[in-house]
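Peer 1: Single-letter residue listing:
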Amino acid sequence: MDKQTVSAYQMGILFFVFMTGSSIINIPGPLIGKANNGAWLSLLISGAIGFLILAGILYLHKRYPGMTFVEYSRQLMGSALTAVFSVFTISFLLQMQSGIVNDVGLFMVSSMLRETPIYAFNFLIFAVSAVTVCAGLEVMARMFTLTMILITGCIILVLVIAVPDYDPAQLLPIMPKGIKPVLHGAYFTFGFPYVEVFLFAMLLPFVNNRSASKLPKTMVIALGINIIVLCISTVCSIMIFGSFAGEMTYVLFSLARVVEFEDIVQRIESIIGMSLILGSYMKTSITLYVLNLFVSQLFGIAKSRALVMPLALIGFLMGLVSVDSATDWGRVVMAVHPVWSFTAFVLPLLLLLIISMFKKPSA
Amino acid sequence: MFMAERIMVLLAAFGGILLYDWLTMKKMTKREKALYAVLCFICLYMGLDYAINKDWFDFMDLMMPVFGNLAKAIDDYLNVNA
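Same order as they appear, the protein sequences are chains A and B.
Under this note's numbering, the first residue of the first sequence is numbered 1, with each subsequent residue one higher.
Under this note's numbering, the first residue of the second sequence is numbered 364, with each subsequent residue one higher.
Bound-form chain A, shown alone (with noise of 0.2 Å):
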């Protein structure tokens, strides 16, 4: 394996980048759509089944320390089934890397350089993103916690530009509709972002000895940091466009749209897009490289970089030929991804704690 190690807290910088990085630019817009007012308590269910997966995936690395999912799940239910689930996993992965380059496509094309076709923007930060796994998990480590920096800035900035704008009495009431649109923005969140929680028993081995003790407190602590910058960009949202929140695609982008400070600050959309770029590509890169990793692993290759550019390759090429348009996207991911990530990530983890509970680790 990958002899570059990073400190608990540079993993949990990475899992609240991850995390975090398109989310908070794709998920509040088709979220409010979905939940109406109670948006943000449908962030705390699926957050809340991020938490879960968290403990799952912290328990077996306690358990198994030093191994990644692929190994321990290879010791604990043998290779046979562990290919057998891996099929969902590599398919949803791949699925997941494509997805996300696509969305920043999307945005591009429809928000801010129309007339530029999608496959510029896709193949450059595929290039981008593939050169900066082949640097190593250390390195992804360190030149994250900088762009993170950077796009929480920008971030905050924006909502607290907007502040003279909140209207708070746009929040209530907050079920109108009863429970069924909650749980409904629940599901749609649970598929993304926070089944993608398992993606980091990959990358937990990775953390050095020296540090190994903060680890569990740092990634809770990473996690409910995002539910909250989730929620409160949720929140922000539907207090400024009160019900037309759920009918923009990218409200975060539409809401730096309208926002000004002294006639001086106007017109700062262009922060978001490039949040939004740069927050997808700190995910592609942890997808891809868990990507490599897992494929790697499962085929007992040692030199892990081997295999980068083709899947690198097969996620750009994904995108180009698998998705027919923007409405049809948006109904695989909001729709068919929390039924596809279910059984490619949280079933398989299911059944590895199960066993696991009755099995003792061997020596």
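What the hints contain is simulated information worked out from the structure, not anything from laboratory work.
Just to be clear, a hint being listed does not mean it is correct.
To spell it out: a stretch of chain A is covered by chain B in this simulated footprint if at least three of its residues, at any positions, have a beta carbon under 8 Å from a beta carbon of chain B; those stretches are [unchecked claim]: (1) 89-95; (2) 122-134; (3) 178-191; (4) 289-301; (5) 307-314; (6) 334-344.
In this text, a Cβ means the ideal position worked out from N, Cα and C, and glycines have one as well.
Starting from the structure of chain A, add chain B where the hints point.
Peer 2: Chain B only, in chain A's frame:
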């Protein structure tokens, strides 16, 4: 989009990865080469699909029959806005 444009995109993508790997990758084992070839073959299939724009059987066509119906049923049950 013209076919020539699509072919140029594919040449750039394939050429880029092959060039990068040729410059940076040292010796590969037989297993690595075999897996690399399989992945490149999958890329070639999708590349041809993209170039001639015939909507061949792709990844989503494989996965939607498996998950599509259940996903639609859950989504329809929870959707009160329709």
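Peer 1: Does each hint fit the structure? Answer for all of them.
Peer 2: Tested hints:
1. 89-95: With 3 residues in contact (Cβ-Cβ under 8 Å with chain B), the coverage given for the segment 89-95 of chain A holds.
2. 122-134: holds (count 5)
3. 178-191: With 6 residues in contact (Cβ-Cβ under 8 Å with chain B), the coverage given for the segment 178-191 of chain A holds.
4. 289-301: holds (count 4)
5. 307-314: Three-residue rule met by the segment 307-314 of chain A, so holds; n is 7.
6. 334-344: holds (count 7)
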